[in-house]
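Sequence lines, in order, name chains D, G, C and R.
Counted the way UniProt numbering counts, the first sequence spans residues 1 to 404.
Counted the way UniProt numbering counts, the second sequence spans residues 1 to 404.
Counted the way UniProt numbering counts, the third sequence spans residues 1 to 404.
Counted the way UniProt numbering counts, the fourth sequence spans residues 1 to 404.
These are calculated hints, taken from the structure and not from any lab test.
Treat the hints with care, as some may be off.
Claimed, not checked - Quick list of in silico lysine to any residue cross-link-like pairs, SDA-like style, CA-CA up to 20 Å:
(1) R:K89 <-> R:A63
(2) C:K89 <-> C:I103
(3) C:K89 <-> C:R287
(4) R:K89 <-> R:D37
(5) D:K89 <-> G:S104
(6) R:K89 <-> R:Y31
(7) D:K89 <-> D:A108
(8) G:K89 <-> D:D246
(9) C:K89 <-> R:S391
(10) R:K89 <-> C:I103
(11) C:K89 <-> C:A179
(12) G:K89 <-> G:S104
(13) D:K89 <-> D:A129
(14) G:K89 <-> G:A108
(15) G:K89 <-> G:E106
(16) G:K89 <-> D:H254
(17) R:K89 <-> R:D230
(18) C:K89 <-> C:S30
(19) C:K89 <-> R:H250
(20) G:K89 <-> D:H250
(21) G:K89 <-> G:D59
(22) C:K89 <-> C:D246
(23) G:K89 <-> D:A108
(24) C:K89 <-> C:A63
There are 4 protein chains.
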Amino acid sequence: MPVDLHHPVRATLDAVLDAARPDTSGEVASYIPELADVEPERLGIALVSTRGDVHDAGDSDVAFTIQSVSKPFVFALALDALGVDEVTKHVGLEPSGEPFNAISLEAASGRPLNPMINAGAIVTTSLIAGDTVEDKFGVIRSGLERFAGRDLLVDEDVFSSEARTGDRNRALAYLTKSAGTLAADVEVATTAYFRQCSLSVTARDLAIMAATLATGGVNPVSGERVISEDAARWTTAVMTSCGMYDESGHWMVHVGLPAKSGVGGGIVAVQPGQFGIGTFSPRLDARGNSVRGVAMLERLSAQYGLHMLAHRGDALSAIGSLTTSDGETVAMLRGEIYFAAAEEVLTRLAPLVSDDGCLVLDFSGVTRVGSAVRQLFHALPSAVGARPDGSPRVVVLDPDGVLG
Amino acid sequence: MPVDLHHPVRATLDAVLDAARPDTSGEVASYIPELADVEPERLGIALVSTRGDVHDAGDSDVAFTIQSVSKPFVFALALDALGVDEVTKHVGLEPSGEPFNAISLEAASGRPLNPMINAGAIVTTSLIAGDTVEDKFGVIRSGLERFAGRDLLVDEDVFSSEARTGDRNRALAYLTKSAGTLAADVEVATTAYFRQCSLSVTARDLAIMAATLATGGVNPVSGERVISEDAARWTTAVMTSCGMYDESGHWMVHVGLPAKSGVGGGIVAVQPGQFGIGTFSPRLDARGNSVRGVAMLERLSAQYGLHMLAHRGDALSAIGSLTTSDGETVAMLRGEIYFAAAEEVLTRLAPLVSDDGCLVLDFSGVTRVGSAVRQLFHALPSAVGARPDGSPRVVVLDPDGVLG
Amino acid sequence: MPVDLHHPVRATLDAVLDAARPDTSGEVASYIPELADVEPERLGIALVSTRGDVHDAGDSDVAFTIQSVSKPFVFALALDALGVDEVTKHVGLEPSGEPFNAISLEAASGRPLNPMINAGAIVTTSLIAGDTVEDKFGVIRSGLERFAGRDLLVDEDVFSSEARTGDRNRALAYLTKSAGTLAADVEVATTAYFRQCSLSVTARDLAIMAATLATGGVNPVSGERVISEDAARWTTAVMTSCGMYDESGHWMVHVGLPAKSGVGGGIVAVQPGQFGIGTFSPRLDARGNSVRGVAMLERLSAQYGLHMLAHRGDALSAIGSLTTSDGETVAMLRGEIYFAAAEEVLTRLAPLVSDDGCLVLDFSGVTRVGSAVRQLFHALPSAVGARPDGSPRVVVLDPDGVLG
Amino acid sequence: MPVDLHHPVRATLDAVLDAARPDTSGEVASYIPELADVEPERLGIALVSTRGDVHDAGDSDVAFTIQSVSKPFVFALALDALGVDEVTKHVGLEPSGEPFNAISLEAASGRPLNPMINAGAIVTTSLIAGDTVEDKFGVIRSGLERFAGRDLLVDEDVFSSEARTGDRNRALAYLTKSAGTLAADVEVATTAYFRQCSLSVTARDLAIMAATLATGGVNPVSGERVISEDAARWTTAVMTSCGMYDESGHWMVHVGLPAKSGVGGGIVAVQPGQFGIGTFSPRLDARGNSVRGVAMLERLSAQYGLHMLAHRGDALSAIGSLTTSDGETVAMLRGEIYFAAAEEVLTRLAPLVSDDGCLVLDFSGVTRVGSAVRQLFHALPSAVGARPDGSPRVVVLDPDGVLG
C-alpha cells in the first residue's frame, strides 16, 4: 500500500506561498477598470522541470492576462523565425536603466533599447509574420499556445480597454515607425500587441512556457519543439539583463533567475536546463512587479539555492575508476561532462596515450555530455592515431549514446 | 612510450588565437604615454578550469596593467568583507547603459549606478579597509595576489601618469563624497584606485583570477579560499549585467560569459562552475574593449559552445536502474543531481514508497549533488517515517559522501 | 522737383543682403521632395516698423511654406483666446536645450517643454477652437491672415507630403494625448498642424506678422488689432528664451531679437516697440536654421545696433527747463517717459512742492509716457493736496493726451 | 515751506513689501549652519534708476552673503577682460533646463552649459586674472566693489563652511579641468569661488550692481565705468535666458526682467536702460529662489508694468511740427528716436527733399537718439547732396548734441 508522500517540491512551494501570503502591500493595476477588478488576494505558483513534471500550489489555475510576460515569448518567436541578426536590426539588446514605458530610442539606429520595454515589444510584434491583425495575432497566439501546451483565449474586455487607452503605446509605435524600425502598420502592430497582452493564462501556463525556454525550446510537457535552441538561448540572455526593467541588476544579484513580470500580476522565471516557474499575485510594487511574486522568487532563490550562478558544490572526479590489465587501460567515466570535466579527463588521461597499449574511455556511467565538448571526444581516436601495429591507441565506448 | 598528444583545449586556444591574429583594427590606449608604448601585436590567452589545470597560448605571460579588470575583484573583496547589504548602501547594481566614465549617480541615493563604471569602482575602493593609501592598497594588492596566486607589482610609470591626469576620476570621487557615498578621503580613494589599476598582470593571471570566481571563491591552482561563495556569486552576477558597459546586453546574447575588460588590453571571462579565461591584446575598439580579446571570446563561445546559457544537451534519466527483489527496491542514481534531477527522482520514486518494502536510493554512481537539493534527500527517510514493523521505508546509500 | 532719395533703411537691407549672398553653405530641407525642389539661391528680407512702413529687398515676395515660423503666431492666438494660465496647463514655457523634434515631456505635468518644439506646437494647435480639421484650421488660417494682412494659401503638395511622412509628429501627439495635455483628437490636431505648416508666405508677410507682435498685437499696416497686448508680450517672451531651439542662449547674446525659424527657409525676428523682420533663404544649417537668414540678422544686430538689450545712449534730462515766476514753477518735460525718466522727474521736483506756490508739469513736449508710469502722474495732484488757500500744489498740463 | 511728499516710487516699494510680508512659506538654506542662522523674517528691497537715484524699503541695509548672485557680475568681469569669443571657449550660453548644481557638460566641447550654473560659474572664476587665490579673488572683489560702489567684506564663517563642504563644487571643477575648460588650478578656482560667494552685500548693494548693468556698464551712483557696454549687454542677455535656472522661461513670461538669485536670499533684476533692483528675504522655495523676493518682483512687474517686453504705449509722431516758409521746410523733431522713429522721420520726409528748397531737421526737442541710428542722420546731408546752386538740400540742427 503506497504511502501518501507529500512531495518535497510541492512542500517547498507550499512553504514559499505561506511565507508570502501575509504581505498585503502594493496595489492592483488600475489604469484600466478591467485590471482593477481582479481579486487582490489571489496567490499561486507553479514549477515545471525540464523533464516535464508539474508542481503547483495555491491559485495556480486562476486565469489572468499575460500582459508584459508575453514579451519574451513573442521575442522568441521572432528570433526563431528571423534569427538574431535580422531581429536586432529593429530592436536592441541593451538594458536601459529605464522603466517599462521608456521612450528613448538608440540615437544612431532608431532602435528601441531592448525588447522588454514597450517600444521594443511593439517592434517585436511588428516583426511577426502577417500583414493584418488577424494574421499576425494568429501566429502569435498559436506560438504562445505551443509554449503553454493548450489553447489560450483573449480577454476581450481587457483588450477593448487596452486598445481604447493605449495612446502612449501608439506614440511609441509611431516613433519607431518614423525611425524606420517598425516593421508593420502602426494600427496593425499595436492592435496585435494589445491582443497579445490580453491573452488569458494561469501560473501553471507560465511555468510550462518558462520550462520550454529552460529546455532549449522544447515544451517538456507536450514534447513539442516550439523554438530553436538558439532562439531559447538568445531570449533567456535578454531576460537576464533586461527582464526586470531598472531592477535587472538587483534581480540578477539577489534572485539570479532570468525573469519577466507583467502588470496582470504574473511573473515567469527560468533556470536554464533545470526548470521554469510561474507565479501569480495581482498587487504590484511601484515598479509594476507583483509584490508577492517577487517575494516568492527571492525566497526560492535564497533558501533553496536556485540562483543560476550559485556554486553547485564540488564534483567528484569525472574519472570514476582507472584500471589497467593486459596493456589495456579502462577509464570509467561518470557524471555529467561539460567543459571542466572534459578538460579534466583529457588532461589526466593524455599521458596515458601511448604505443604500448590501448586507452578505453567508457561512457556507460555518464548521464550527459555537453554538446560543445562532444567533438573533443569524437575527434580523439583519429587525432591520436593508431599504434604501429594498426590497433587504436584510444577506444571510446558509449553504449547509451551520450556522445550523440 | 607516451605519444605527444596536442591537448584539445590547447589546440582550441591556438585555433582561436590564429583566427584573431590578422585583425589589426583598433587603437592602443593613448590617454597616457605609458599605455601608448605597448607593443600592439601582443596576443595571448589562458584558460583555467575549476579543477586547476592551466592552458594557454600566445603571449599569455606578457605583463600589462590590469586597469578596469581590477574592478570586479576589488568589488569581490569588498563584498567578502562587508556583505552585499552594506556595499550596496554605497554603490548600485544596475546596468547603466552608459560608458565607463559616466557621471550620473542615482537621484535618490547618490550611489554610482554600479561598481563597473569608474565612479562605482572608486567608491568600491573606498570601502576597502584602511585609512591611508598604503593600508588600503595593501589590502587590495594582497587580495588580488591571492586571486592570482602570485605576487603582483605596480607599474610605477603608469601609476604616476594615471595620478597626474586623473582629474575626471577625482571629479567622480568628489561627486560621490558630496553625495555621501564615498567611504574615504578623496585623495586616498583615488590614489589607491590609481595604484590598483596600475598593477601588472598577465593573461594567465587573469585566467586564474577568473577561475577563482568560477569555483565560488577558491583559487583552483593554489587551493586557497580567497572570498566566500556569496561574494563570488554576487560579483559574477554584477559582471553578467554590467561587465561590458553599454555592450552588456549584446555580450550576454552573443558571448554569454560574465566578463570585464580593461584599457590595458586585458579581458577576463568566467563560466561559473567550469572555467576562467584571460585574454590580452592591446588594440581597443571605440568602447575601450580589446578588439582581438572580444573576437577570441566570441569565437570560443560560438564555436565551442561556451555560452553560459547554452543548452547542454538532454540528460539520461538520473535513475540508472531500478531493481526489486525480496521487497527491497534499489534505485541506482547517477550523474549530477541538481534541482531537475532531484525532482525527477522524487517524482518517479514517490509512488514506490510503501509499507510493503524498503526503497533504497543508491548514490554511489552520482558525482555531484547540488547543495540546494541535498536537504531534500537528507530529510526523506524521517519524512516518510518507518513501516509498521519499525523498519525504514527509505534508505539512502552515499558511499562517496556526495550528499555532504 | 523731388530728389530720388535711396532710403537709408532700404540701403541697409540691400547691404545686408549683398553681404549674405555669397554664402552657399547649408542644404535645402529634403525630408519631403516638395521642399527639396525650392530654388536654393532665393534670398529676401523685409522690415516693417511699428508705424507700418514696409521696407524690403531681394526676393521678399517669393512664396515658401511657413513651417515652424507658424508656431509663435498660433501660440499667440491660443494665448489670446484662453489666457496664459489655461494654455500653460497644456504646454510649458521652459527652454529645453533640445532640438526641435525633442520628445521629452515634463515628468510631473506631462506637458511639452515649450510651444516652439514640435510636441508643444501640436498641443498649441489642439487648443485652438474647433472640433474638426476644417474648423480648427479655419480659425488658425484666419488668425494668421490677420497677422499678415492678406489671404494665405495652403501649399497642398507640401501638406500631402507632410501628412504622409509625419509619423514622428503623430508619435508626439499620441504621447501628449496619453499624458493628458493634448486638447483634441490626434488626427485632427496633427492634420491641422500639417496644414498650418504648409501655409504659403513671403518674407514681407513674415515681417508684417512680426511687426504685429512688436506693436503689442496691432497689425501696423492694416491697423487691425489681432491679439491682446498680453498675448503679444507672452509670445515674445517665449520666443526670447525658446525661439532658436538649442541655440537660444547664443542667439540672445549675439543677435538679441526674439525670433523663430522654419525649415522652409524663413525666419521672423521682433524688436518690441520698434519693428519686425522677415527673412527668406532656403539653405539650412545643421540645426535647421536658414544659413543666410541667420547671417543677415546677425549683421543687422551687430552693425546696426538692433540688439534688444543694446544700450541706447544716454538721455538728456526729462526736464527740459524749469522756470519760476510769480510763485509758479513750470517744468517743461520732454522726450519719452518710462520708469527711469518718471523717477527722475518725481525725485527732482518733489522738493519743489510747497505751500508757497504751484508746480506745473507741462507734458506738451513729451511724445510718450509708459502706460505703467502714467498712474504716478495722474495720482500726484490729489496725493499732494491743495494749498491752505485751496489752490492746487501741483498742476499737470497734457495738451496731447500722452497721459492717456 | 516744502511739503513732505511720500515719493511714489518709495510708496510702490512699500506696497510691494507689505504685500509680500505675510508669506512665511519656504525654508532658509541650511546646507551649512552659518546660513541657517539668518533671521528668516528679514525683508528688504531697493531700486536704483539709471540716473542714480536710490529708493529702498525694509531691510535694505541688512547684510547677507551674495552667493550665486555673484555669478553674472564675475561673468561680466571676465567678458570685459577677455571678450565673449574667448570666454565662450570655456563656458556655453545655453539654458540648461537643469538645476543649479547640474553636472552635464556639452558633449563636444566639454563646456559647462552656461555661467549661471555652478560648473559654469567656477569656470568663469578660473578665467579671472591671477594665479593664486589672493590674486584672483583680489580682482573679483575689487570688481564687485566697483559694481556696488563700496568696499565689500568676506563673511569668513560662511567661507570656511563653504570650503569645508564644497565637495560637489570641487567635483564640478575637476570635471571641467579634465574636459580642458577650467583655466586655473582646481583648488585656486574653487577657493576663489567660495570666497566670491561669501561676500557680504545688502539689497541696496545689489540694486546698484544691477543698475550698473542697466546703464550699460557705468555705476550710476559713483559714475565710474565698471565694464564695457558690450560686456553689460552680453551679461544681461545670459541672465535673460539662464538666470533663473529651470524657471527661466516662466520668469521671462511672467516677470520679464533679467535676474539672478542666490541661496543667501538675494535676487537682482535689471531692466536695461531703466533701473536695477535688489531684494532680500532668506526663505527659499524648492528651486532655491527667495520666496518673497520672487513675489515682490512678480508684483512689481504685473502691477507696475515693469516687464521688459511690455508694450510701452503708442508714441506721438517723432515729427512735432512741419512748417514751410521761403522755400525752407523746418521739421521739429521730438522725443526719443530709436529705429522706429528714425525710420518714420526718414520715410515721411524723404519726399520733401528737393532742389526747390532746404529741409531742416531740428533735433532741439529730442532727448535721445539711439546710437545705432545716429549714423543715418549724420550721413544724410552728404548723401542727398547739394542743390544746383550749391546750397544744401538738408540741414541738421542739433543744439544739445543728441546725435553724438
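Outcome of the hint check:
With a C-alpha separation of about 35 Å, the suggested pairing of K89 (chain R) with A63 (chain R) is violated against the 20 Å cut-off. Distance check on the hinted pair: K89 (chain C) and I103 (chain C) sit about 18 Å apart at the alpha-carbon level, within 20 Å; holds. With a CA separation close to 29 Å, the supplied pair K89 (chain C) and R287 (chain C) exceeds the 20 Å bound. Restraint check for K89 (chain R) and D37 (chain R): the C-alpha separation of about 40 Å exceeds 20 Å, so the hint is violated.
Taken as a hint, the K89 (chain D) and S104 (chain G) pair is broken in the structure, with Cα atoms around 29 Å apart against an allowance of 20 Å. As the CA atoms of K89 (chain R) and Y31 (chain R) are separated by approximately 32 Å, the hinted pair breaks the 20 Å bound. Only pairs whose Cα atoms come within 20 Å are accepted, and K89 (chain D) paired with A108 (chain D) is accepted, the gap being roughly 12 Å. A distance of roughly 17 Å separates the Cα atoms of K89 (chain G) and D246 (chain D); the hinted pair therefore holds under the 20 Å criterion.
Between K89 (chain C) and S391 (chain R), the direct Cα distance comes to roughly 66 Å. Violation of the 20 Å bound is thereby established for this hinted pair. With a C-alpha separation of about 29 Å, the suggested pair K89 (chain R) and I103 (chain C) falls outside the 20 Å cut-off, and the hint is violated. Our distance criterion of 20 Å between C-alpha atoms is met by K89 (chain C) and A179 (chain C), whose separation comes to about 12 Å. Between K89 (chain G) and S104 (chain G) the CA atoms are separated by roughly 16 Å; this keeps the pair inside 20 Å, and the hint holds.
For the hint pairing K89 (chain D) with A129 (chain D), the CA-to-CA distance comes to about 16 Å; that is within 20 Å, so the pair holds. Of the supplied pair hints, the one linking K89 (chain G) and A108 (chain G) holds, its CA atoms being roughly 12 Å apart against a limit of 20 Å. For the given pair, K89 (chain G) sits about 12 Å from E106 (chain G) by alpha-carbon distance, which is consistent with the 20 Å threshold. Our distance criterion of 20 Å between C-alpha atoms is met by K89 (chain G) and H254 (chain D), whose separation comes to about 15 Å.
At roughly 17 Å between alpha-carbon atoms, K89 (chain R) and D230 (chain R) fall within 20 Å of each other, so this suggested pair holds. Distance check on the hinted pair: K89 (chain C) and S30 (chain C) sit about 35 Å apart at the alpha-carbon level, beyond 20 Å; violated. As the CA atoms of K89 (chain C) and H250 (chain R) are separated by approximately 13 Å, the hinted pair is consistent with the 20 Å bound. With a CA separation close to 13 Å, the supplied pair K89 (chain G) and H250 (chain D) stays within the 20 Å bound.
Restraint check: the Cα-Cα separation between K89 (chain G) and D59 (chain G) comes to about 40 Å, which exceeds 20 Å; the hinted pair is violated. For the hint pairing K89 (chain C) with D246 (chain C), the CA-to-CA distance comes to about 24 Å; that exceeds 20 Å, so the pair is violated. The straight-line distance between the Cα atoms of K89 (chain G) and A108 (chain D) is roughly 35 Å, outside the 20 Å bound, and the hint therefore fails. For the proposed pair K89 (chain C) and A63 (chain C), the alpha carbon gap of about 35 Å is over 20 Å, so the pair is violated.
In summary, the structure is inconsistent with hints 1, 3, 4, 5, 6, 9, 10, 18, 21, 22, 23 and 24 from the numbered list given earlier, while agreeing with the others.
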